[in-house]
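Number of protein chains: 2
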Amino acid sequence: MKTRVISSIVIGIILAITLVLGGYVLGGASLIVAQIAYYEIARVLGVFDEDGKTGLLYKVGFVGVLLHYILVIYIHDTKTYLLSVLFVFFAVMVTYVLTFPRYKVHQVIGAVFAFLYAPLMLSFIYLLRIRENGEFLVWMPFVAWVCDSFAYLTGRAFGKHKMTPVLSPHKTIEGGIGGVFFSIVAGVIFGFVMMKVKGVDAGIIPQFMVITLVAGVISQLGDLAASAIKRDRDIKDYGRLIPGHGGIMDRFDSVIFVTPFIYGLVVFIMK
Amino acid sequence: MKTRVISSIVIGIILAITLVLGGYVLGGASLIVAQIAYYEIARVLGVFDEDGKTGLLYKVGFVGVLLHYILVIYIHDTKTYLLSVLFVFFAVMVTYVLTFPRYKVHQVIGAVFAFLYAPLMLSFIYLLRIRENGEFLVWMPFVAWVCDSFAYLTGRAFGKHKMTPVLSPHKTIEGGIGGVFFSIVAGVIFGFVMMKVKGVDAGIIPQFMVITLVAGVISQLGDLAASAIKRDRDIKDYGRLIPGHGGIMDRFDSVIFVTPFIYGLVVFIMK
Chain A
1355 MKTRVISSIV IGIILAITLV LGGYVLGGAS LIVAQIAYYE IARVLGVFDE DGKTGLLYKV
1415 GFVGVLLHYI LVIYIHDTKT YLLSVLFVFF AVMVTYVLTF PRYKVHQVIG AVFAFLYAPL
1475 MLSFIYLLRI RENGEFLVWM PFVAWVCDSF AYLTGRAFGK HKMTPVLSPH KTIEGGIGGV
1535 FFSIVAGVIF GFVMMKVKGV DAGIIPQFMV ITLVAGVISQ LGDLAASAIK RDRDIKDYGR
1595 LIPGHGGIMD RFDSVIFVTP FIYGLVVFIM K
Chain B
1355 MKTRVISSIV IGIILAITLV LGGYVLGGAS LIVAQIAYYE IARVLGVFDE DGKTGLLYKV
1415 GFVGVLLHYI LVIYIHDTKT YLLSVLFVFF AVMVTYVLTF PRYKVHQVIG AVFAFLYAPL
1475 MLSFIYLLRI RENGEFLVWM PFVAWVCDSF AYLTGRAFGK HKMTPVLSPH KTIEGGIGGV
1535 FFSIVAGVIF GFVMMKVKGV DAGIIPQFMV ITLVAGVISQ LGDLAASAIK RDRDIKDYGR
1595 LIPGHGGIMD RFDSVIFVTP FIYGLVVFIM K
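These protein sequence lines are chains A and B, in that order.
The first sequence begins at 1355 in our numbering and counts up one residue at a time.
The second sequence begins at 1355 in our numbering and counts up one residue at a time.
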């Protein structure tokens, strides 16, 4: 537990520096996190070679992730996302065909899915940062961590009814509600800070409440989705990179899920 | 062989009517072909329920395909493609989590992949049709069939060196070159027709040659990719819908692969 808390503080500090600086620092940090997450998911989905080495198929996806972040950082427009998806799809399929029968179809599909899962979704953080008032908006995906923490605390205090008895027996409906409630509270605080610092209209608060309400719900689905894959593949953690937490995917599972929703809602509601 | 030829003629006639009429006719026909292709790939990848019925997970993808074509027909812009991909991804993941442990991770991933494979790629045909001179451009993905046929004929006549001995032992390098050569010839004819009918500049011919050269190569990769999945899953055909051909995927495998490239090159080269 102590290791876990120390890790969280270290991650928090690195994250704060990255989000405040933005630009290439945030772009580079996102790329690194995305590559590690891609590695972890690809490994869990069996994309690697039979001998356990990363192999050609993984490397093709690695190049896809790199290309995607170059497009995001230099063109920073969702228009290029389709290009990245198609690039990964075709590059993976060409690898499959030209090396046949080295890879099985589930590996090929896993490589494409791993790309969509973390690298693609996580890249919306950069797009949030470069928007107007991005220095505030970029923090919003991390409301997922607020939701996680308060779902845990509320669940411990009041939890009675299991949410998903088979998948995550410790999660309760009471905890889930608590998590969403405190996500909305975080939204109010976000809005209040932006009002005070940037002098924006008070209408920002209900907008942020809607965004963080959705984020709170999606956050828990992201957590459950990552758990489902782990249960399915019979592993405990995605990795061992972060002491007390597991891998990047164990810590960023809900943030990753939440990010495209936050971005979509910000574009849709705030403009 | 006779059945196969008759089927080809019937498909050719339906296709011609659809492409000439365009609009809702083409939109509707593309949606139907896309849904059947999605069904066939989903079945082959094991997305269906254990009892062999289509099941909830398949149906979620079905809704995704429908939504995607509504976006393509009414908004007709690649901007919406990312929305469709994210919708399918999240809808499938939510289904996975809420019905856990009904589906396995390979089924979940298969549903997303099946959506990308055929429905998404095929939808570029509609975008080609609504472009300026779309009544000519929309025929170009079918250069894949020219390539297939001439690769077969050239291979029979001159084929000596096997292209992919393990995957498709009957394909030869000579056949592949013949297929690409006649694709380029088709490009010249396309360009010539557009010059004569629409009075466009002769510069269209080298542009079309480049596009059909790429299409000829990609076409064969599409064919091999569909074959690789069939070999992997140990099936002969994707379906039995088209007498003498198999399923929609057996007939459209190369067209599907070629379509996004044609669209991309048309946008990029012809501006």
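Any given hint might turn out to be false.
Copies of the same chain look alike in the list, so a pair counts if it fits in one copy or across any two.
With a cut-off of at most 30 Å between alpha-carbon atoms, the simulated DSS-like pairs for lysine-lysine come out as follows [unchecked claim]:
| id | residue 1 | residue 2 |
| --- | --- | --- |
| 1 | K1407 | K1625 |
| 2 | K1625 | K1584 |
| 3 | K1413 | K1433 |
| 4 | K1516 | K1433 |
| 5 | K1356 | K1590 |
| 6 | K1458 | K1590 |
| 7 | K1625 | K1552 |
| 8 | K1550 | K1514 |
| 9 | K1458 | K1516 |
| 10 | K1550 | K1584 |
| 11 | K1584 | K1407 |
| 12 | K1625 | K1516 |
| 13 | K1458 | K1356 |
| 14 | K1550 | K1625 |
| 15 | K1458 | K1552 |
| 16 | K1458 | K1413 |
| 17 | K1516 | K1590 |
| 18 | K1590 | K1550 |
Source of the hints: derived by calculation from the structure; they are not laboratory data.
All of these numbers come straight from a predicted model, not from anything done at the bench.
A quick look at each hint next to the structure:
{"no.": "1", "hint": "K1407 with K1625", "in the structure": "neither (46 Å within a copy, 43 Å between copies)"}
{"no.": "2", "hint": "K1625 with K1584", "in the structure": "neither (38 Å within a copy, 46 Å between copies)"}
{"no.": "3", "hint": "K1413 with K1433", "in the structure": "both (25 Å within a copy, 28 Å between copies)"}
{"no.": "4", "hint": "K1516 with K1433", "in the structure": "neither (41 Å within a copy, 40 Å between copies)"}
{"no.": "5", "hint": "K1356 with K1590", "in the structure": "within (20 Å within a copy, 57 Å between copies)"}
{"no.": "6", "hint": "K1458 with K1590", "in the structure": "both (25 Å within a copy, 17 Å between copies)"}
{"no.": "7", "hint": "K1625 with K1552", "in the structure": "within (16 Å within a copy, 42 Å between copies)"}
{"no.": "8", "hint": "K1550 with K1514", "in the structure": "neither (40 Å within a copy, 77 Å between copies)"}
{"no.": "9", "hint": "K1458 with K1516", "in the structure": "between (38 Å within a copy, 22 Å between copies)"}
{"no.": "10", "hint": "K1550 with K1584", "in the structure": "neither (43 Å within a copy, 61 Å between copies)"}
{"no.": "11", "hint": "K1584 with K1407", "in the structure": "both (20 Å within a copy, 26 Å between copies)"}
{"no.": "12", "hint": "K1625 with K1516", "in the structure": "neither (39 Å within a copy, 57 Å between copies)"}
{"no.": "13", "hint": "K1458 with K1356", "in the structure": "neither (42 Å within a copy, 35 Å between copies)"}
{"no.": "14", "hint": "K1550 with K1625", "in the structure": "within (20 Å within a copy, 47 Å between copies)"}
{"no.": "15", "hint": "K1458 with K1552", "in the structure": "neither (54 Å within a copy, 48 Å between copies)"}
{"no.": "16", "hint": "K1458 with K1413", "in the structure": "both (16 Å within a copy, 26 Å between copies)"}
{"no.": "17", "hint": "K1516 with K1590", "in the structure": "within (21 Å within a copy, 46 Å between copies)"}
{"no.": "18", "hint": "K1590 with K1550", "in the structure": "neither (44 Å within a copy, 67 Å between copies)"}
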